[in-house]
Amino acid sequence: MASGDDSPVFEDYESSPYSLEKMTDLVAVWDVALSDGVHKIEFEHGTTSGKRVVYVDGKEEIRKEWMFKLVGKETFCVGAAKTKATINIDAVSGFAYEYTLEINGKSLKKYMENRSKTTNTWVLHLDDEDFRVVLEKDTMDVWCNGKKMETAHGEDKKRKKQMSLDQTASGASSAHV
1 MASGDDSPVF EDYESSPYSL EKMTDLVAVW DVALSDGVHK IEFEHGTTSG KRVVYVDGKE
61 EIRKEWMFKL VGKETFCVGA AKTKATINID AVSGFAYEYT LEINGKSLKK YMENRSKTTN
121 TWVLHLDDED FRVVLEKDTM DVWCNGKKME TAHGEDKKRK KQMSLDQTAS GASSAHV
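Be aware that the sequence shown starts at 1, since it is given in the UniProt record's numbering, and climbs by one per residue.
Keep in mind that the hints are not guaranteed to be accurate.
With a cut-off of at most 25 Å between alpha-carbon atoms, the simulated DMTMM-like pairs for lysine to aspartate or glutamate come out as follows [claimed, not checked]: (1) K110 x E150; (2) K82 x E60; (3) K84 x D138; (4) K84 x E61; (5) K40 x E129; (6) K73 x E113; (7) K110 x E65; (8) K84 x D57; (9) K117 x D130; (10) K69 x E98; (11) K110 x D57; (12) K40 x E136; (13) K148 x D127; (14) K110 x D127; (15) K82 x D127; (16) K59 x D130; (17) K73 x D90; (18) K109 x D127; (19) K106 x E150; (20) K109 x D57; (21) K147 x D130.
The hints are simulated quantities; they were obtained by calculation from the structure and are not laboratory data. All of these numbers come straight from a predicted model, not from anything done at the bench.
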């Protein structure tokens, strides 16, 4: 592309989160749905330099330059609940590699299958605004647009815990009388 008119460049190249140099080693991209939202995980692997870079939602989480061992794993956290994620790098043949993502120690597929059983997700459009609501059935936690909401169930759990602490404290003091 000789002329500047034909070049597919960002209008504001300097502030773009992705540059041509930065993305040349991009080998894998995953979208992971968690209670606080859908997160994009990107992985760069320089198979000649051993460079490894992990991005979560466009933000660099891990950068390792000049790794001599080209296979291995990178572990990091995703989302508000700091969910554990691991990218496994395995040699397939010659200089070909396979990249797999684990969430909380399970393959992404297994994690998503389990998640579909333990959560309900709704996207509501109200007053020209979108709301993503997630119910975690096992904990009864409710998330809305990435924020954990205070619920009557949550208040009830706090009240029961405080009553238990109060009973323990009053029981301990009356035992010494």
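Here is how each hint holds up against the structure:
no.: 1; hint: K110 x E150; result: 29 Å, violated
no.: 2; hint: K82 x E60; result: 15 Å, holds
no.: 3; hint: K84 x D138; result: 19 Å, holds
no.: 4; hint: K84 x E61; result: 13 Å, holds
no.: 5; hint: K40 x E129; result: 22 Å, holds
no.: 6; hint: K73 x E113; result: 23 Å, holds
no.: 7; hint: K110 x E65; result: 31 Å, violated
no.: 8; hint: K84 x D57; result: 15 Å, holds
no.: 9; hint: K117 x D130; result: 24 Å, holds
no.: 10; hint: K69 x E98; result: 15 Å, holds
no.: 11; hint: K110 x D57; result: 22 Å, holds
no.: 12; hint: K40 x E136; result: 21 Å, holds
no.: 13; hint: K148 x D127; result: 22 Å, holds
no.: 14; hint: K110 x D127; result: 36 Å, violated
no.: 15; hint: K82 x D127; result: 32 Å, violated
no.: 16; hint: K59 x D130; result: 24 Å, holds
no.: 17; hint: K73 x D90; result: 9 Å, holds
no.: 18; hint: K109 x D127; result: 35 Å, violated
no.: 19; hint: K106 x E150; result: 29 Å, violated
no.: 20; hint: K109 x D57; result: 20 Å, holds
no.: 21; hint: K147 x D130; result: 14 Å, holds
Consistency note: the structure conflicts with the earlier hints numbered 1, 7, 14, 15, 18, 19.
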